[in-house]
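Number of protein chains: 6
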Amino acid sequence: AYSTKEESTKRSVGRYPVPNKKDLPYDIVELMEEVELKTGFLPNVFKAMSHRPAEFRAFFAYYNAIMNKDGGRLSKSDKELIIVATSVVNRCPYCVVAHGALHRIYSKQPTLADQVIVNWKLANLSDRDLAMLEFALAVCRADNITEEHFERLERHGFDREDAWDIGMISAFFAMSNRIAHFIDLRPNTEFYDMGRMPRGA
Amino acid sequence: AYSTKEESTKRSVGRYPVPNKKDLPYDIVELMEEVELKTGFLPNVFKAMSHRPAEFRAFFAYYNAIMNKDGGRLSKSDKELIIVATSVVNRCPYCVVAHGALHRIYSKQPTLADQVIVNWKLANLSDRDLAMLEFALAVCRADNITEEHFERLERHGFDREDAWDIGMISAFFAMSNRIAHFIDLRPNTEFYDMGRMPRGA
Amino acid sequence: AYSTKEESTKRSVGRYPVPNKKDLPYDIVELMEEVELKTGFLPNVFKAMSHRPAEFRAFFAYYNAIMNKDGGRLSKSDKELIIVATSVVNRCPYCVVAHGALHRIYSKQPTLADQVIVNWKLANLSDRDLAMLEFALAVCRADNITEEHFERLERHGFDREDAWDIGMISAFFAMSNRIAHFIDLRPNTEFYDMGRMPRGA
Amino acid sequence: AYSTKEESTKRSVGRYPVPNKKDLPYDIVELMEEVELKTGFLPNVFKAMSHRPAEFRAFFAYYNAIMNKDGGRLSKSDKELIIVATSVVNRCPYCVVAHGALHRIYSKQPTLADQVIVNWKLANLSDRDLAMLEFALAVCRADNITEEHFERLERHGFDREDAWDIGMISAFFAMSNRIAHFIDLRPNTEFYDMGRMPRGA
Amino acid sequence: AYSTKEESTKRSVGRYPVPNKKDLPYDIVELMEEVELKTGFLPNVFKAMSHRPAEFRAFFAYYNAIMNKDGGRLSKSDKELIIVATSVVNRCPYCVVAHGALHRIYSKQPTLADQVIVNWKLANLSDRDLAMLEFALAVCRADNITEEHFERLERHGFDREDAWDIGMISAFFAMSNRIAHFIDLRPNTEFYDMGRMPRGA
Amino acid sequence: AYSTKEESTKRSVGRYPVPNKKDLPYDIVELMEEVELKTGFLPNVFKAMSHRPAEFRAFFAYYNAIMNKDGGRLSKSDKELIIVATSVVNRCPYCVVAHGALHRIYSKQPTLADQVIVNWKLANLSDRDLAMLEFALAVCRADNITEEHFERLERHGFDREDAWDIGMISAFFAMSNRIAHFIDLRPNTEFYDMGRMPRGA
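Protein chains in written order, with the UniProt record's numbering: chain A, 1 to 201; chain B, 1 to 201; chain C, 1 to 201; chain D, 1 to 201; chain E, 1 to 201; chain F, 1 to 201.
No lab work stands behind these hints, which were simulated from the structure alone.
Treat the hints loosely; a few may be bogus.
Identical copies carry no separate label here, and so any pair may be met within one copy or between two of them.
Stated by the list, open to error - Below are the DSS-like pairs computed for lysine-lysine, each with C-alpha atoms no more than 25 Å apart in a straight line:
| id | residue 1 | residue 2 |
| --- | --- | --- |
| 1 | 22 | 69 |
| 2 | 38 | 21 |
| 3 | 21 | 69 |
| 4 | 108 | 121 |
| 5 | 76 | 38 |
| 6 | 108 | 76 |
| 7 | 121 | 76 |
| 8 | 69 | 38 |
| 9 | 22 | 38 |
| 10 | 38 | 108 |
| 11 | 108 | 69 |
Fair warning: this is a prediction, and the values are worked out from it, not measured in the lab.
Could you put together the complete structure from these sequences and hints?
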């Protein structure tokens with residue numbers, strides 16, 4: 001089987017059947033193996049989306065285009081912070097827990113995601129980060145986005161291309177959170193503790 | 001230029017610059033020309049998304065995977081109805097007007113989209129269509145989706161694969177509506193009247 | 001029968017029985033015939049309200065006092081715009097569709113009402129019109145109305161008498177929308193396309 | 001002057017000028033004098049609305065058509081209870097205080113309106129009265145009104161004509177509450193204590 | 001029995017059994033008798049809370065620490081106004097009616113609490129009182145409390161210790177309102193008219 | 001000093017000055033030392049509340065009366081789960097993080113609190129626990145609590161005394177969350193990781 005780890009509950013991969021590795025197209029298996037090798041386990045979103053290979057490819061191609069895009073002022077940990085803050089609004093267990101873990105790893109700040117999950121406005125964030133999340137959350141709520149939104153970002157050093165990056169991540173996860181809800185996607189157990197303890201502890 | 005029609009207002013293509021045709025990758029120009037040929041004009045979403053070619057490709061590949069997917073119980077007009085009903089929740093001018101037009105054309109029902117735009121529960125819809133929209137709107141609102149949601153769909157003949165189709169379209173347009181908001185995307189003028197009058201009138 | 005047009009569905013005149021012309025008081029028949037002559041068909045609100053002649057008279061006397069009032073800065077198309085924008089808040093099919101049609105006719109702008117129906121803040125409106133709708137919507141939501149509301153109107157040339165006119169139309173349609181809901185009043189089919197096409201087309 | 005009582009504050013008659021008695025049309029003065037004679041003072045709504053004689057006539061003709069209508073199952077105190085319960089939703093000082101007083105007088109229950117003002121579902125109401133308010137509040141919120149709403153009323157002895165009466169009072173005060181807000185209408189001081197104490201106390 | 005007054009309805013003391021006086025600890029009986037002597041009747045909250053003597057002691061010790069605290073700028077009537085305004089938000093019959101009565105007595109203003117119950121922003125309050133209620137309601141809604149909140153209070157003469165007093169009363173009644181809801185606590189009939197009429201009337 | 005641990009940020013003890021140990025009454029110091037000995041550090045709530053000794057005593061006496069009460073069907077981990085689920089509604093950083101830690105310790109379930117923080121309805125909870133949280137959240141929202149609420153609890157083995165316990169904890173933390181907001185109370189850093197890892201790891 002393509003998954004080398006046993007899940008603690010059957011339910012955690014979601015509501016739709018996950019195909020056997022041998023029944024999946026080669027490119028999908030290849031991506032899964034690459035991710036599993038890098039992460040140490042296969043995140044459930046890969047298993048769940050493999051139910052529809054064409055949509056699997058489109059979803060991860062889109063994810064890749066925005067999360068691994070070169071250039072711009074958003075660090076990897078900025079992007080994860082946007083995902084955590086917006087996924088909390090949609091109460092998405094998979095996205096909050098998995099991307100909270102990735103935020104801890106990229107930011108090396110073990111408690112910040114937990115703070116954002118409870119109350120982003122009270123988290124220990126810089127004014128720049130607050131402005132970034134404010135824009136991301138306006139997009140998340142499907143607010144009308146006005147020139148003032150862009151000007152507020154500019155006052156914290158984000159230009160219009162950065163605004164697009166923030167908005168697109170927020171919009172993409174507005175989709176992902178909703179997919180996770182109808183699939184009933186749950187986080188792999190490994191995510192809960194990732195990045196909490198110093199590596200050498 | 002790749003667009004043969006003049007827009008009534010500059011603002012209608014949105015907030016980001018649209019590249020010249022000669023500066024766009026060939027595959028993007030090719031898709032645009034194909035769409036313009038088929039539709040009679042180039043919908044503004046193609047122009048606006050061409051600002052980011054990699055995201056353009058990912059967006060339309062995803063769109064194609066769900067809107068032109070073979071099989072399942074959703075007709076073309078069902079899909080457009082889902083888009084109209086959910087885009088109203090997010091008050092998205094582009095998606096409501098453009099897909100309202102497409103619904104009129106595919107359904108040959110010139111007033112149904114207008115009814116759904118004001119109050120979907122009072123529109124002249126069959127019980128099957130109401131059940132379909134109820135599920136789409138639960139996904140749109142990022143509700144927790146439970147077994148009862150799937151059972152209600154089943155009572156109207158939709159199986160779990162149809163549920164995925166409905167949910168995925170709702171989720172994809174949760175993203176599209178939000179992109180349209182930060183880009184400030186507006187409908188081409190052509191969409192407002194499309195499909196209203198009998199062809200021979 | 002006093003109605004010369006057949007309705008497409010029985011449901012469209014609402015939930016209460018409509019009296020026969022011969023059983024109605026003369027002044028009500030007279031008003032109906034005058035309206036039908038002028039409009040080309042009898043709008044359903046006249047039929048539905050004739051179920052209660054005393055309330056019919058009061059309703060249309062009030063309507064007439066505010067919609068056909070002399071003086072003030074509100075044009076006929078301004079008044080229709082207020083009705084459309086506030087009736088959308090209450091998701092009233094009759095008022096949105098019928099007054100959207102009247103707006104198209106008075107304003108000669110065939111797409112503006114459709115824009116306001118989806119998202120009034122993003123419609124192609126002047127600052128004056130936005131201020132007018134902002135006040136109308138504050139009244140529609142039953143907000144506390146303060147001196148600042150009046151001052152904002154004044155900055156766009158509306159004095160206190162104009163404010164009364166805007167507020168009264170919004171208040172009257174807060175009533176009408178709710179009556180339409182309990183009567184289950186639906187728009188005549190004729191309204192959907194009125195004013196969309198150039199007369200000579 | 002037509003008003004024989006001094007108001008405690010100037011603000012209590014609202015934001016628009018009140019005409020002098022001598023400048024008012026005779027029918028309006030006549031109605032005012034009749035009301036003042038009967039009530040012992042002139043309720044502020046008469047003063048405020050006299051700013052616009054045509055609308056004064058339409059408003060009170062409508063009020064009379066529904067509040068003094070013969071027949072039906074709604075008592076005078078039922079009607080006042082509907083007004084209190086719905087006007088609380090719109091936080092309308094005039095309507096809540098004035099009609100709370102009228103309810104105490106008609107019902108001879110000195111504390112029931114105060115209970116409804118805080119929390120209608122916890123007030124000492126019969127199931128019939130709860131059903132009546134439930135319908136009135138559905139209309140007040142501009143909910144879609146369905147057959148189930150009518151059936152629930154029927155189970156408590158209200159037929160469709162009673163439903164119209166309940167709905168129309170709720171709709172009319174949806175208008176009145178909003179007029180009161182933009183006029184800034186406040187209750188006469190007399191209303192606060194009316195009907196609280198036994199007459200002979 | 002410790003209560004010398006008969007209640008008009010059984011329901012008014014709430015959902016849990018009230019112990020007999022002889023079964024209650026002496027300190028609780030002593031407090032009850034003291035309150036009854038002072039007030040003229042025993043408020044239902046004392047009866048209802050006596051179901052749990054340890055919690056009775058904690059509740060009234062806390063109440064005493066904040067309501068009878070020496071020093072600070074809050075008068076007795078200020079404190080009652082805070083309770084009325086915040087208890088309205090939670091629609092708590094006991095707290096609104098009982099503390100509305102206490103407000104009338106301490107403030108000697110017989111209509112102000114009734115105004116605050118309907119619409120605090122439109123009540124005849126000083127700017128200082130509006131600022132006090134604005135802070136109390138921000139705490140009541142569990143808003144994030146920021147430096148601006150404290151600065152706004154300061155502009156009306158309230159220092160940080162006063163802010164603590166306002167916030168603590170609001171927080172304590174956030175608890176009390178919820179206790180009253182699950183106990184189903186109702187006001188003693190005596191409260192409704194207390195403080196409305198001049199003593200010598 | 002009474003605190004033997006340095007806080008990572010000054011801000012974490014809140015907005016009001018914390019008295020020096022030598023200036024505090026003996027009973028307060030004694031309680032603090034006892035807690036610090038047992039927990040290994042002094043939770044910030046003790047420091048913050050010591051600003052007002054009388055309220056400190058009342059607060060912790062109340063806390064003790066409900067959290068350390070003998071009897072009833074609520075385990076220590078049940079109580080912590082109620083606090084976590086309700087404090088999330090009020091977005092209270094201190095209560096969510098501190099009581100999430102206590103839940104992990106008492107329940108020995110290292111991920112359950114994190115699940116409840118994101119979406120309690122999707123957490124791996126028994127039907128009994130879901131019913132318990134449903135009641136706690138109804139009290140938290142200040143809903144009207146009806147007989148049906150108690151009956152639903154009874155179907156899961158909770159009697160009326162248990163209902164009081166659940167309701168009282170929810171009500172007490174409705175107060176605590178609001179106090180934490182105006183004090184700006186933040187969790188001690190130690191709480192974030194408490195109970196996550198097996199002791200011997």
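Structure-based check of all given hints:
1. 22 x 69: Answer is between: at 23 Å across copies they meet the 25 Å cutoff, but 32 Å inside does not.
2. 38 x 21: within (18 Å within a copy, 40 Å between copies)
3. 21 x 69: Result: close only across copies, 23 Å inter versus 29 Å intra.
4. 108 x 121: within (20 Å within a copy, 31 Å between copies)
5. 76 x 38: within (16 Å within a copy, 40 Å between copies)
6. 108 x 76: within (11 Å within a copy, 33 Å between copies)
7. 121 x 76: within (21 Å within a copy, 31 Å between copies)
8. 69 x 38: within (19 Å within a copy, 32 Å between copies)
9. 22 x 38: Within one copy, since 21 Å is at most 25 Å while 40 Å is not.
10. 38 x 108: Within. Shortest intra-copy distance 18 Å satisfies the 25 Å Cα cut-off; inter-copy 30 Å does not.
11. 108 x 69: within (22 Å within a copy, 41 Å between copies)
The structure shown violates none of the earlier numbered hints.
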